Amino acid sequence: MSRKPSSQSRINTRQSNQKKPQTRLRTVRLDEGGEPPAKKLRPHNLKGKGKQTSPPACPEDDRLWVDKYEPTTEADLVVHKRKVEDVRRWLVEAFEGGPSGKLRKYRRILALTGPAGTAKTTTLRVLSHELGFEIMEWRNGMNERGANKYVEDLEEHDYGSVQPSTEAIFDKFQAFLTRAMSCSSIFSAGEPSTSQPPSSSQVSRSTPTLSSYSSNHATYPGCPQKRQVILLEDLPNLLHAPTQARFKAVLESLCVTSSPSIPGPPIVIIISDAGLRVEHPDDESWDGGSGGRRWGRPDILDIRSVLGPELLASPYVTRIGFNPIAPTLMTKALQALLVKHFGPQVSAAKPPKEVLDVIVETSKGDIRSALMALQFACISPLSGKSKTKNSRNRNGSRSVLAVLEVVTRREQSLVLFHLMGKVLYNKRKHDPPSSHMSAKEAAKERELDDKLVDSSPLPRWLSHHERKVSRVSIEALVADSPIDSGLFGLYTHQNYTQFCADIEQCDGVCDGLSWTDWVDGSLSTPYAFPTLALSTLHALPTPVPRLGQKVCKPAWFDVRTKELQAWDAVGDVASWLAHADTSPSPGDAGDNWGMDDTVSIGRWTHASIAMELGGWLRAMDRSGSSLGRHALPRSHKLALHLSKDEEDDGKWWAEVDDIEDVD
Amino acid sequence: MSLWVDRFRPKTLDDLHYHHDLSTRLKALAASEDFPHMLFYGPSGAGKKTRINCTLRQLFGTGVEKLKIDQRVFVSPSRRKLEINLVQSSYHIEITPSEAGSYDRVVVQDLLKEIAQTQQVDLGAKHRFKVVVINEADFLSRDAQAALRRTMEKYMSNMRIILCANSTSRLIAPIRSRCLLVRVAAPTAQEIQAVVEHVARKMKFDVPPEASLQIAEDAAGNMRKALLVFEALKMQSPDLSGPLRIAKPDWETYCHKVAELIVQEQSPARVMEVRAKFYELLSHCIPPTVILKTVAEKVAERVDEALKADVMHWAAFYELRMRLGSKKIYHLEAWVVKVMCLYKHFTYNFDMSEFD
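Protein chains in written order, with UniProt numbering: chain A, 1 to 663; chain B, 1 to 356.
Hints listed in this document are in silico derivations from the structure and should not be mistaken for laboratory results.
As the structure is a prediction and not an experimental result, all values here were calculated from the model.
Selected chain A positions facing chain B (Cβ under 7 Å, derived; list incomplete):
hint: 1; residue: Thr-497
hint: 2; residue: Ile-503
hint: 3; residue: Asp-517
hint: 4; residue: Glu-563
hint: 5; residue: Ala-610
hint: 6; residue: Gly-614
DMTMM-like, lysine to aspartate or glutamate: derived pairs with alpha carbons at most 25 Å apart:
hint: 7; chain 1: A; residue 1: Lys-102; chain 2: A; residue 2: Glu-310
hint: 8; chain 1: B; residue 1: Lys-126; chain 2: B; residue 2: Asp-70
hint: 9; chain 1: B; residue 1: Lys-66; chain 2: A; residue 2: Asp-572
hint: 10; chain 1: A; residue 1: Lys-364; chain 2: A; residue 2: Glu-441
hint: 11; chain 1: B; residue 1: Lys-293; chain 2: A; residue 2: Glu-504
hint: 12; chain 1: B; residue 1: Lys-68; chain 2: A; residue 2: Asp-572
hint: 13; chain 1: A; residue 1: Lys-444; chain 2: A; residue 2: Asp-357
hint: 14; chain 1: A; residue 1: Lys-550; chain 2: B; residue 2: Glu-280
hint: 15; chain 1: B; residue 1: Lys-68; chain 2: A; residue 2: Asp-568
hint: 16; chain 1: A; residue 1: Lys-562; chain 2: B; residue 2: Glu-252
Positions of the beta carbon are idealized from the N, C-alpha and C atoms, including for glycine.
Using the sequences and the accompanying hints, generate a full structural model.
This is how it looks when you write it as structure tokens:
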């Protein structure tokens, strides 16, 4: 009844079992409440176990379809075979060391990335069934502990006995990792847990939240050498810089220090890609400025910020990216699921094909959301129990569609390039359909045109601003945009020239960009995006001539990196100048100018180095051989710079900053 | 072995080669007990820093020449660590807050407060105060300037501030009014020539007068540039005879190319070419303001009289936006496109009137 708050399920051991499906942990948790979990959970599990043979739509089974029909074999997965194969190979190599047996050492961390709902976790779980390993998962247990404490307080009114652990979450995490690493030997080294009959072990196996060490009792008796994988999906708060640093340090130490002969279990990190959308980018990190370095701050949690560049580049980390699920695969899977749920015969409750199509389309490759939508579509009473006639049924399905449109429509983000196309092609009412367009699309456009209302004509003195009504709805564009105004500006800037026929049009677009940047710099406004879109649309020609334009990524990012590197190089030169003076080289000792103690530290600003020193350095390089007597106490980098610069002396654009290229 | 510019930099006020009036005034100031806050301004390469250092030497003696470089870490409000290089002696400290980018306020505040709250412990020191030299003061953000203003009032007893800037226009009025303004004008060609010849004498070689004159004229009042060019030329052709070919800095040639591109053709494709050039310049740390100025001057040279004013007007217009905005390239490009438009319309109208 009263569970110790400290013994939270920090280690959730999932047992693999070829025949029996797993209960999703999350579902179990929802049901938990204050009741003894075992009582409540058991029936669920039993039902879940028999789901493949159970009669369709069992009324008591109120679990979500996502959990109920979670795939258990690779055949059920909607992931591309090759991806699964990649993950499997990695796991096998992690356990067995690949063909040479040496790979094991380097198969320490596997990072699975991809958008949400692309079956990353499920793939791992399916493979755990197939390859027979346990998954030990870390969960941040903070909320849960609070809730339990509350329940206990209510029930027992015994405040003294409740000693909430004051351990910081991250310490727990660290403890979890080290324990998981070192405990592998205990779990696997022929544990005497076979006293329990198999049936009970199965039960406890499927209720892993019971206690943190339920795994002790649940070790699969038939397999003495149990393989394990540590799963990190619920990461500690990595936006907090110190935590992030510690996290990286822990991972690094796990990679390096684990003994090569028996490395601990491999770690699998699952990271869902967050959208790109941030409305307040850290602009200071981007603006090139008055000669200063800027500090950027990554606000988005993605693989790079989680693992950091060093770890990512190290041989211990492998990264496998999952793509959004292809519509064909998803349709197939949904159909199979419907067959499983309703049986092969045609049922009135079964949603028609159009509904399925809408679901697949709106889910954008997210299988989880597609399943949710599908379940929703099936329970919806709108699907008409009484409407048996065919025409009525179609009517019903239409209303389902309408509801789905409203309810399940996720925040549909336009694909970036689609967004750019929408803006840059600047389609307006009564534009002739383009040549490659199918009749259906053209009809759609005409339909859209009919809906557009012409605005009242402008007065004569503004007549040069007269435009046809745009087919692009700015509001929808802003709502659907996957990027913020800053990024949108960069993309527009990179690509607008291809879409302009004339320099005047360029002027409009560019002035809009400049204006938005200017206004946005002083006060960050929510209007930046729509203003930018409007000014661009207003300035572009209608219709935009189709010349096979290609929208591409802004060159700005590369330039920015180059610029930062160049600033670093300038900084190096500055310190070299300072040190050249403070430590006169022995070669100079003979020349008795008596001036060698001159100090020029700090007298060179970075800007003046960048602008004025180039010629001198070049001259220096050219006559490098004749000046050999005064061996410069130059840094290693500068020495490299010399040799490099002589090589491409013909290149007329060579500057101080070429130093960095060598590095 | 160091640069001639650094090696032959005058160290005392008496050694200075030009602006002798200013030197005497500075000397008098240093002798008096109430040394004010100061603001040195003037074009780059005019000798502002040299004068600042000479003044410090006059104030404190040779002790100011014992310098050490420190790296200090400041923590911004968002817990970001900033590393700033400090150059200091026991009497003064020199910082370039613009290196901290938009966090310069933190640097200015923390550092000044720290210095201001510590007393001079050296009993042999000539003055009780320490001097803080702030380089590139005109790049200080508004925030930093406001912070500075407050500190200047509060800690006058322990500290003096010497600001070094290219122009006073970017400093807020309260700061300007709290400082003694010292304008260091660019040296004339003759003065530069004299210095070049002085350096040559020190280096024990002769420089033909026409060569030194050419160098001086080319430098356009920038002493540092003159000496750098001089040294580079000397390295290339040791006897400095014959007609000298003074190479312009790469970025300048590059800017001229941009101007040419703008005048030659006005089309979206050309905008892309210009942008590529701008990107190249920006990625080599050439300040965008300098780019805009150089290109605008060059364009103005090449266009018709009637257009010159417009070209400059728009350059100023977009320069302001560039300062307030964050993505420099937008504004550079907006200016280019604007000028292209103007130019195109101008030539177009011109042709029409001819045909009428």
